[in-house]
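Q: Residue numbers in the sequence shown follow the UniProt record's numbering, run continuously in steps of one, and reach 256 at the last position.
Treat the hints loosely; a few may be bogus.
Said to hold, decoys possible - Simulated restraints, written as ranges between beta carbons of each label pair: (1) Val83 - Thr147: 38 to 44 Å; (2) Ala41 - Pro241: 26 to 32 Å; (3) Arg179 - Glu67: 34 to 40 Å; (4) Asp204 - Pro87: 33 to 39 Å; (5) Met100 - Ala41: 18 to 24 Å; (6) Glu203 - Ser183: 18 to 24 Å.
Hints are computed from structural coordinates only; laboratory data are not their basis.
Remember, predicted model here, so these are calculated numbers, not experimental data.
Positions of the beta carbon are idealized from the N, C-alpha and C atoms, including for glycine.
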Amino acid sequence: MPLQVLTIPCLSDNYAFVAHDPESGETAVIDVPEAAPILAALQDRGWRADHVLLTHHHADHVQGLDELLAAHPARVVGARADVHRLPPLDLAVSEGDEVMIGAQRGTVIAVPGHTLGHVAFHFPQSRVAFTGDSLMALGCGRVFEGTMAQMWESLSKLAALPADTLICSGHEYTAANGRFALSVEPGNAALQARVGDITRAREDGRPTVPSELALELATNPFLRAAEPALAGAVGLGAGTPAAEVFAELRGRKDRF
Numbered sequence: 001m002p003l004q005v006l007t008i009p010c011l012s013d014n015y016a017f018v019a020h021d022p023e024s025g026e027t028a029v030i031d032v033p034e035a036a037p038i039l040a041a042l043q044d045r046g047w048r049a050d051h052v053l054l055t056h057h058h059a060d061h062v063q064g065l066d067e068l069l070a071a072h073p074a075r076v077v078g079a080r081a082d083v084h085r086l087p088p089l090d091l092a093v094s095e096g097d098e099v100m101i102g103a104q105r106g107t108v109i110a111v112p113g114h115t116l117g118h119v120a121f122h123f124p125q126s127r128v129a130f131t132g133d134s135l136m137a138l139g140c141g142r143v144f145e146g147t148m149a150q151m152w153e154s155l156s157k158l159a160a161l162p163a164d165t166l167i168c169s170g171h172e173y174t175a176a177n178g179r180f181a182l183s184v185e186p187g188n189a190a191l192q193a194r195v196g197d198i199t200r201a202r203e204d205g206r207p208t209v210p211s212e213l214a215l216e217l218a219t220n221p222f223l224r225a226a227e228p229a230l231a232g233a234v235g236l237g238a239g240t241p242a243a244e245v246f247a248e249l250r251g252r253k254d255r256f
């Protein structure tokens, strides 16, 4: 049986996720922006948090951890590369390492760019990936610590996952991301339809996260940097390497 995944709104525009293995009863929390809504979701379902998976060190992804652990003394998992600035870890992981939620086996993917030690967690049996602030709904995280080339390589890893993978990312930025995406690819019919869906979802108070990778591949400009149309849209030649197109796109988004 696949993981049951809950999307938990936190703070003003963050998301945490709760992943529950129905066979074993084990439960993991992915990122802890604040504890109260996560604790409420666990209590409502009678679940115990056995694991916490941290994607990166930024405060808006870890600052609720102590309060969560006071109620649920879970095992904390995070990147070995960032042990010096993450909360204390019970398990430090690197690219290719495995994590378990009950019977569900996940793989750690190193996705530097937004931060140097950023990781994602992919659970292939459940067709879900927890990507934090690397690949996001219709966007990607700002490149704060790594290089544009690193971020493009990280996104390329995630883009190679099965197209039916559910991408669980860390923020409700999708409407703003959609406005930027339309500015560079206004003729993309799939993007036009998605932006309409996003508008209706937000008007109804529904989250736009998670999203299916297939939809990201069709509409997210940061995954589409190898498309000749995207190079032309940012004033670059058709033969420009995708990493350079991505860098131009990300720079424009930073100024958008």
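Q: Do the Cβ positions of methionine 100 and alanine 41 conform to the proposed distance bound of 18 to 24 Å?
A: Holds, at about 21 Å.
Q: Could you see if the CB distance from glutamate 203 to serine 183 stays within 18 to 24 Å?
A: holds, 22 Å
Q: Regarding aspartate 204 and proline 87, is the given constraint of 33 to 39 Å on their beta-carbon distance met?
A: Since aspartate 204 and proline 87 have Cβ atoms about 35 Å apart, the given range 33 to 39 Å holds.
Q: Kindly confirm whether 34 to 40 Å is satisfied by the beta carbon distance between arginine 179 and glutamate 67.
A: This hint holds: roughly 35 Å between Cβ atoms.
Q: Cβ-Cβ distance between valine 83 and threonine 147: within 38 to 44 Å?
A: violated, 22 Å
Q: 26 to 32 Å was suggested as the range; check whether the CB atoms of alanine 41 and proline 241 agree with it.
A: Violated: the Cβ-Cβ distance is about 44 Å, outside 26 to 32 Å.
This entry does not satisfy hints 1, 2, going by the numbered hints stated previously.
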